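Student: Residue numbers (my numbering), protein chains in the order written: chain A, 1 to 254; chain B, 1001 to 1062.
Hints are computed from structural coordinates only; laboratory data are not their basis.
Predicted, not measured: the structure shown is a model, and the values here were computed from it.
Where a beta carbon is used, it is the ideal one built from N, C-alpha and C, also for glycine.
Just to be clear, a hint being listed does not mean it is correct.
Unchecked claim - Among chain B residues calculated to face chain A with C-beta under 7 Å, some are:
1. M1001
2. F1005
3. A1030
4. R1035
5. R1036
6. A1039
7. L1043
8. R1044
9. M1045
10. S1046
Claimed, not checked - Some chain B residues near chain A, calculated using beta-carbon distances under 7 Å:
11. M1007
12. G1008
13. Y1010
14. V1032
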Amino acid sequence: MPPSMALNWFRLSSPVSFYPIAGAWSYAFAVLAALLAGIGLVIGLWIAPTDATQGDAYRIIFIHVPTAWMAMFIYVVMAGWSALALGFNTRLSAMMAQALAPTGALMAALALWTGAFWGRPTWGTYWAWDARMTSTLILLFLYLGVIALRSAIEDPRRADRACAVLAIVGAVNVPIIYFSVQWWNTLHQGSSISLTAAPRMAMTMLAGILVMTAAAWCYAISVVLARVQAIIVERERGAGWLESLIDWRVGDDR
Amino acid sequence: MADFFAMGGYAWYVWMAYGAVAVVVGVEIAAVRARRRRAFDALRMSLEPPPSPALARTGDAR
């Protein structure tokens, strides 16, 4: 590997060089998210046909499945950054984990909320202590636990380590959520989408779910990068380089 | 158009679900922006030179 490439990777792991990159990516992914969400909503709310058995209540799938996937996926990413932070003691990895938790918590809450409003017309109940619903509720509590733990520890570096341990231990819940519909025979149906079986839904429905999922991905990347910028400014206050970001005349900071 | 909003009789469920997503996305974006602003305000406060003693005495300090 040429030395210049190695240098680039090291540069990316330092807050000072990551800050402007995060800003540019956050903006690009926000534009992408808006475009994809627009297309996905048109497919989901207008183009996709009414379901034969569920009527239009099924249209909740276009937000329920993406938010549920994101809730699980963000947790895995958060645990991954946490492992890097613990293993290599890198500040930026811990900041990434810190920035992911609130968005993950919101995604978990939305998955539960949209699921409740889908469950009521189709199963007759907003809530049941079903295996998947209960394990997703635990996921939400894990996110809230990580956030609360950080706010309870004053020293940011100690908070990084404590939150990393909790995030990594809590990751055991993610496969439990994923396989819950196979392991326990409860209310929640099996996977909506399978890579191996023949599609069980209309192509427009599948397209709507995939586009909305891509939108949720882009949104999460954008908002998490914007949050990590705020966290960098909060936590690197003592570092001289931050001064260059301040615009003293109009208060229009970068 | 009324048909669209009626969602085949499932308006309450569909719009409560979609509405919640819209509200959460809006609130999260606003919260992150506010957090950035607060972070920069705190940074600026920590860098601004303290008011001169003369100004402080007349109560005219910023």
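Student: Are the hints correct? Go through all of them and say.
Tutor: Evaluated hints:
no., hint, verdict
1, M1001, "12 Å, violated"
2, F1005, "10 Å, violated"
3, A1030, "11 Å, violated"
4, R1035, "4 Å, holds"
5, R1036, "4 Å, holds"
6, A1039, "4 Å, holds"
7, L1043, "6 Å, holds"
8, R1044, "6 Å, holds"
9, M1045, "10 Å, violated"
10, S1046, "6 Å, holds"
11, M1007, "4 Å, holds"
12, G1008, "4 Å, holds"
13, Y1010, "4 Å, holds"
14, V1032, "5 Å, holds"
In summary, the structure is inconsistent with hints 1, 2, 3, 9 from the numbered list given earlier, while agreeing with the others.
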